[in-house]
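Undergrad: What follows is each chain in one-letter form.
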Amino acid sequence: MAMRKKGSHKILYSIFGWTVVLLISFPLLWMILTSLKPQSELFLIPPSLLPSEITFEHYVRLIHETPFLTYLKNSIILAVGTTVVVVVIATLGAHSLVRFSYPGRKSLAVLVLYTYLLPSVVLIIPLYLLMVKVGLSNTLVSLIIAYTTFALPFALWLLRSFMAAIPADLEAAAMIDGATRMQAFFDVILPQAIPGIISTALFTAILAWNEYLFAMVLINNDEVRPLTTGIMSMLVSSFNIEWSLLMAASVMMSVPLIIVFAFLQKYLTRGFGAGAIKG
Amino acid sequence: MIVTRKRLSLDAKYSILGAILIAPTILVFCTIIVYPLIAAIYLSLFSIYTPTMEGQWVGFDNYAQLLASGEFWRSLLNNIIWTAGTLSLQLVFGILVALMLHQNMLFRSLARSLILFPYFLSTVVAVLIWRWMFNDLYGVLNHLLMWAGILDMPVDWLGSMPNAMVSLIFIGAWKYFPFVVIVVLARLQSIPESLYEAATMDGAGRFARFIDITLPQLKDVLIVIILLRTIWDFKEFDLIYLLTGGGPIISTQTLPLMVYREAFALNQMGNASAVAVLMMLIMLVFMTLYLRKTED
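Protein chains in written order, with the numbering used here: chain E, 1203 to 1481; chain U, 577 to 872.
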């Protein structure tokens, strides 16, 4: 507030601010630096801060000598599959919760909130037994179903607040013009809800991309393992831990997130506003 | 409903349409949330050996045994220490960094992105980075601290107590404080500037303005943040399991880790379900009390 008097204040303050920011982001920087160092350089004492030579050998090995690409493919299928299933169901459900009236609607909304906060460990044992019983264990479908247990309540909660912000008059106007309710939904409500749907889809995809517990319990086969448990199994199974390889895998796993941050970040912060403050 | 109230038949039609739209949600909820939830409570009344899945009705024996066991109470205590510790750090860091980003600085939106990033980062990736930095022989942290003269010898950050719990709390704060930053920052930007101007004219200093204006304005948002983050931190599994696995021995084992260990390492599904149900009850009691206390 008193800052705006002089430019020099702003510079000084920026130096202070950026020191804090860089300290907080140091682990991310260290991940990238480690992934670019030759293996021999990791075990220098004291460690070198910047790599003496930059190498991409770990990335090459990751792709050619480890099942990384299989894990990556599985993670993409999981993220896309979960997002499509959850967003379609949640968009219809949220529209119904916001714009229609029928018995039990209010208690349903409360139920959504409670399940949104429900711990996964409570559901995991019965879900594991269920998947074994119906013969779905060790499949990606079982994981998409399991991810729906936390992603759907979350998506409903988020979309409900987004869709409640769309003025009711819009739908009424469309119907005065002769549209049916479903036409009004597709022609008027849905286009208005697109930013909210994009936010929800991004959050859902990130949740699915990062999930660990269900993947560990339900998947026991390298062919269908996603990145999270796959990379951890690379850590556990090796004789001597190859940190530069693991850091290269970590960087690769974070690339989609970096892309989202670079181009779609406003949808993430908008989601915070809708989901967290109004909660 | 919105347009006409004239014809009851139209209302009824709309109710049916509304029910059709919500039907997939209800179907999914019943099969993969409500049914497993009831099943978890039911399973907790059995003694079940995981590999054979043979169960025997034991009534409330699982609960009686748990409440009499030291491990349950120790895990609950660990859970409370972890939650209270990491949440306090998240709030302090979160509010401070939000205040910092609220000021005018160069490349502010880039700074905000960098601060936000750890929150969305996969826990697996976060854990790998920190385990590498905390490595006792080649980790950068030990070397920096020794170079600065703070340490004489490398420290085992994750394998001994109390270091393991402290590291856990700290890394949890690093991963989750951006949530506080973003929500508080959004609220800060909506506090009217005129409030500050009036206070400045009355001679209030920086600190007084923070206490008298900023904090009261943040109160509502902080109440929600504390509720959500308490619940999310309390049920955290991935970060703790991957960083320490609950160790050394059970020094950092929280209730979610105990559920997993009972079910899949000790093969006692009935016991595990009982822990899960108790944990859920504790969270429900906390939520109810908290909401009642903060209602006004």
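FYI, nobody ran anything at the bench for these hints, they're computed from the structure. Some hints could be false.
[What the hints assert, rightly or not] Here are the simulated PhoX-like pairs of lysine-lysine, each with C-alpha atoms no more than 25 Å apart in a straight line:
(1) Lys1308(E) with Lys589(U)
(2) Lys795(U) with Lys869(U)
(3) Lys1308(E) with Lys869(U)
All figures in this text were calculated on a predicted structure; none of them were measured in a lab.
Undergrad: State for each hint whether it applies.
TA: The hints, checked one at a time:
no.: 1; hint: Lys1308(E) with Lys589(U); in the structure: 19 Å, holds
no.: 2; hint: Lys795(U) with Lys869(U); in the structure: 14 Å, holds
no.: 3; hint: Lys1308(E) with Lys869(U); in the structure: 23 Å, holds
When each numbered hint is compared with the structure, no violation occurs for any of them.
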